[in-house]
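Engineer: Take a look at the letters that make up each chain.
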Amino acid sequence: MREPLLMRLGGAAIFKMAVIAAIVLGGVTPCAGDQILLKSGRSYDEVTITKATWEQVEYRMRGVSTRQKVDADDVDRLEFTSEPSGLSRGRGALVQGDWARAVSSLRAASSLPDERQKANAMYLLSVAHLRWGEQDGAHLGDAAKSAQEFISRFAEKKDFYLPHAHQILSEALMRSGKFSEAEGALQKLADGTYGNRWVLGGKLGRGEVLLAQGRHADARDLFGSVGNDGAVAGDSTFRNRAWLGYAACQIGQKQYPAAIETVRKKIIEARKRGTPRLDGDMARAWIIWGRAEEERAGGDRKKLQWATIRFLRAAVIATGGDGEALAEALYRAKETWKKLGDTERAEEMGQRLAQLCPNSPWNK
Amino acid sequence: MDTICWYRVLFIAVLVLSCTGAVDGQVVGRGDLSDGERIYLREMIGTYRSPDLARIWIAERLRGASSKARADLEYSLADCLRSEGDIDGYDAKIQALARKYPSHLRSKGAELEAVQAAMARSIQAHNGAVFETDARLRTRMLAERDSIYRDEVASVLDSTIFKLNEELEQRADAAKESQRDAWEYYRLQALRLYAQRLPEGSAAARTVWERLVELSSNFVETRYENFVRRYEAQLFKGQALAALGRSEEAAEELELVVEIEPTIDPPYNDATVYVIRWLRIQALAGTAEAWNRAGKPEEAVDLFDFVQGGDDEYFPWKKSPEDPRLEPFIVQMEVEEAISRIAGGIRGDGLKLTRRLIDRYRSTEVMSANPDLARSANADIARGMSRLVDMKIGGMPAEFYFLATQGYKKRAEPEKAILAGKLVLNAGSGDPGANRWCSEALYEIAENSDALGRSDEAALAYQQLVEGYPDGPRVAAAAQNFFAISGDLAGKEIGGGPWQQLLVEAEGFFAEHSKGLGSAQLRMQQGAEAEGEGRYSAARELYLAISKTISIDGEERPVPFFYRARAAAARCLARLGEDPEIAASQALGELEPLIESARTEGDAAGEAVLRFELAVASWNDRFKQADLAISALSPLLEEVGGSGTHREGGLLLWLQILCAEGRLEEAERVFSSLDSDFPDSQALLIGTYDLVVALQVAAGDPSEGAAAAAAARRAGDLISRWIQLPGSGFEDAEAGVKFGIASILIDGGRYSEAVQILERTRATIAEDDRPEMQIAISFYLAKAANASGQHDRALESLDALVAEFENETFMGQFNDAPYLLIQRALANRGLYKSDRNIERLESMEKDLNAAIGILGQRRRSLRLQNALTPSFDGDYWNTWLLYLDVLKAQNRCEDVLRIIKSRRLMHGSKDSDFAPRAQQVAFDRIEKECQ
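Protein sequences, first through last, are from chains A and B. Heads up: the first sequence at position 232 corresponds to 862 in the working numbering, and the numbers run straight through without jumps. Heads up: the second sequence at position 517 corresponds to 789 in the working numbering, and the numbers run straight through without jumps.
Take the hints with a grain of salt, since some may be wrong.
[Said to hold, decoys possible] PhoX-like, lysine-lysine: derived pairs with alpha carbons at most 25 Å apart:
no., chain 1, residue 1, chain 2, residue 2
1, B, 590, A, 933
2, B, 590, B, 624
3, A, 969, B, 764
4, A, 669, A, 681
5, A, 681, B, 624
[To be verified] Derived Cβ-Cβ restraints for the label pairs, each shown as a range:
no., chain 1, residue 1, chain 2, residue 2, range
6, B, 415, A, 693, 49 to 59 Å
7, B, 441, A, 981, 47 to 57 Å
8, A, 899, B, 475, 17 to 27 Å
9, B, 483, A, 744, 29 to 39 Å
[What the hints assert, rightly or not] Some but not every residue of chain B turned toward chain A, in silico, with C-beta under 7 Å:
no., residue
10, 616
11, 664
12, 667
13, 694
14, 702
15, 703
16, 704
17, 708
18, 740
19, 744
20, 745
21, 772
For the record, the hints were derived by calculation from the structure and aren't laboratory data. Virtual Cβ for every residue (Gly too), placed ideally from N, Cα, C.
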């Protein structure tokens, strides 16, 4: 009787394990193809990232035996081609806002033998917990815990994601209402342990903690000082955080025209810079603009219509992975449609919100 | 020699073969088709999709073809239509061939081919929906897809198979069994094709897949005759199980086919190698797909590693050069492998394989040598990428996410296409190398938003594209769409709103990106849309906004359609006024100076369109000033030359006005110009028919005597010509239309032509058992016989008809009942003139009395509905005149006078007229004769 093909596949599984063993023991890199994307917009493609710390990223180019280095402060993000499927599934779930699946995949991937992949998985796990925590506060504790575990595990190795993990920890504590602990988590950033760039990162984190407490004036000063610091000119991540935070403070202080002007100016500046970043930050910028329009509208129909347009501009680019940006945009658009008396559109928005972001607290 | 070179050699060989025959005038082959010739035709039409070259070869081959070969070749011509995508033409052709060659093998399967053609139409409707951006149209096309499948495919398949199985239960018949198996096999294919187009995971899709599992299992277990079909049914079963999420079962079923081998020993011929490889490749792809869909891509990776680890000498998985018939299936297998490796194995290998596939099937070399293969391969790759997004695989390049948007589009899932578009933006954020994909992604987000009815979000996505990627590949189209949608939304804002401001911005973008004329063209288009929706004021504004010149690169250039826009603006003005006369005169006031201006500039086309609109403003459904319209159009005959559309339209309109006014002599002059300047045109087709109708009206006026007879003859001549004009559609017209045309030919004295048409029509409706059809045929043949003086023949036929349908005739239960009685009376009259048999007069009296009764009832009903036509009224009163003639012939003048007096009194007084002028004269005359 012919042996079923499935049973004969055992041989292939053994073959695969041998390959993995070779990778782990012999440091064999199956293929080149990683990417290092810099803040300037340049990128190093088809490289092999050999080491990544918060100081520098080491890589090898194809056909070149010597290793190259780039300052970690110049790096926007790292893309790894040789990741195991579980890790890339976790990334994919994260980007699409499927937090439960992201946590499950990344938790499993956190036990990978390869240190780089383990670090990536553990860091992303903390991000996933945090994003989930934005929807359901019960997960904030896991976010703090996993960020802390990452920090403990990789502090000595100076991993690339260490300063990011401090930020995650701070944010998790802040969202849990533990504001002084949140500030404490930023200490290592603020004191220059991770370099000058991360001193600014620490300031931004502190500004966000103050904003969460309603201390708009103090927060605004911090955001403003970071935003005006020449060091962030080429750093869109920090720059955006600074100006978004600043505008959020202006809204908190009911300075709606000023908030609009802040966001509008920054959107135009971003447009002129060349390669746009149509990401969660841009979506949040449109939402802030829409909120300011809505707040100052009173009953003015035209202003409410403009507010709706801003919210829709956010909805057009936001994914489920951008935290609650998509849900908030849809919710706010729904509410303005209601104010404009268009119940049909409001209902449609509500249905989309329920369909695309079923677990979001904005589903109210 | 690689695959592409082989294609080129074959093409050149084909060209040489084709041209040699044509140049030398030598017949390519003679008698029946040889095996080689059959293969050649199949490759030309099926594999290489060259119907034009195939037609050249077929035309040559027909010269020396035997009757059998002729049938084969005519079927191949039908296949050419199908190859070109003309499914309706193909369908009609094979039905006609099935009647022409009833014993041909393909004729016996002609019904199945009709079902296959219906399936092709269902798929066409689906494909139309996929690319449709109007939400309502999209929904309609998807509904059309479903209704064609349900009514013309599934129900026909099920009922035919049921019937065949029933017949086989009564009596075994090998040929019928083979036919049944073919139908059952096609049913499996149809189920699979349909299910693949339904939304994945939907209840509708599940139902169809489950049915496919059931039917394919039954086929595998009971239909042993054709082993290839059985294995394919096994594949279908596996694929259906995979689609239902029953992956382990799917893998088990498909695994049985992964390693099949022939029952004979090697060496194997080419056909065997092809079939075995074809089945194995599909099975491997299907098994991998089952595991991938189940979220277990690691199993698929193991399978690929295992089968690729060993090399089969006779049935390799891949080879170079590859058999072109297998390449599409190999692509599917490789796409599945890429998915498996990205999702479950070494990601880099999977990404590289995907990259290789994309580069190969997007290369100019492959796209030009085999565009069908390139298209299907790219579609498979796109669908594959969308499945990776379904599996929530992250870290892919922006380009691959963009391909996923295309994949979702092909799966008719616009919401997911939008999601994938946003993932492109996320992956490409800040990366100049991904700008192209981000630009494309925004376009997809916009198009799919539009398809979902979210016009505002579509406009905003286009705006984002234009602002963010001004050098991107889709910026011109995005600017145009942003402008167009903003215009629509601004138009709906009452009292001003943000979209009116955005419209100004959008117009700026559009002007910047459209190289000058674009905004003017868009205004024309938007104006036409607004006008079509009855928004004349908005349409007029758009038309008037088009200036005479436009600045392009600093130079003022004329806008070629300026006068057309102004003519359209005047047309809208004519529609706006409540008083049609005032509105028309306002439009006239606008158009006249423009006509002068166009004449001065020597713009013949501009003048023609203005004159045309001037005529329409003067003669339309609200306002009819024929002389004014004619004076606007008359320069088109002599002074304004050219062969432009508006001169053609102007001449047609002029002809129609003259026909409506009964000015037939002038109408013939205009017709002559239309005929000489625009032969074979649509205008000539319509104009000829309009003139025929006008001539028939003139022919129905008995007071005109010889002129009426001449009009009838001329109508007959023209309708005979009309039948031959391109586009008349006479051959495919319904029987009723043919009867009407036959009647015109009879009235025009062209009896034998009418009889020929009627006999041909009789053959086509032979199986139509509705009595009114048989009655109509006999009636018109009798009319032709009567008109040509063969009264006895006419009477015989009419007597038989009345005898068979006596009650229905005298009760007027079918449309031609009174006319049948009138024709019988005319036949009797014709015979009475020679034999003076009084009984004929009695019979005529009875028939005409009954006919008047039926016509009178119908006339009353038409009058109540305000639908009484002069033609019907003429028939009614002419029948009365015939009746009175019969009474007079019976020396019953008192009865004649009594009837006429009664009619007068019913209309007012003893001196009142009661009939249309043409017939009244005849009543007055007969009254005088009787007094």
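Engineer: Hint by hint, say whether it matches the structure.
Structural biologist: These are the hints, each one checked on the structure:
1. B:590 to A:933: 63 Å, violated
2. B:590 to B:624: The hint holds at about 18 Å.
3. A:969 to B:764: 19 Å, holds
4. A:669 to A:681: 19 Å, holds
5. A:681 to B:624: Roughly 23 Å between the alpha carbons, so the hint for residue 681 of chain A and residue 624 of chain B holds.
6. B:415 to A:693: 49 to 59 Å: 58 Å, holds
7. B:441 to A:981: 47 to 57 Å: At roughly 53 Å between Cβ atoms, residue 981 of chain A and residue 441 of chain B fall inside 47 to 57 Å, so the hint holds.
8. A:899 to B:475: 17 to 27 Å: 50 Å, violated
9. B:483 to A:744: 29 to 39 Å: Between residue 483 of chain B and residue 744 of chain A, where Cβ atoms are some 48 Å apart, the hint is violated.
10. 616: OK, holds: residue 616 of chain B within 7 Å of chain A, min 5 Å.
11. 664: Result: holds, 4 Å to nearest chain A Cβ.
12. 667: 5 Å, holds
13. 694: Holds: closest Cβ of chain A sits about 4 Å from residue 694 of chain B, inside 7 Å.
14. 702: Because about 5 Å separates residue 702 of chain B from the closest Cβ in chain A, which is inside the 7 Å limit, the hint holds.
15. 703: Given a least distance of 6 Å, the restraint on residue 703 of chain B holds.
16. 704: The hint holds - residue 704 of chain B has a Cβ within 7 Å of chain A, the shortest such distance being about 5 Å.
17. 708: 11 Å, violated
18. 740: 4 Å, holds
19. 744: 11 Å, violated
20. 745: 15 Å, violated
21. 772: 10 Å, violated
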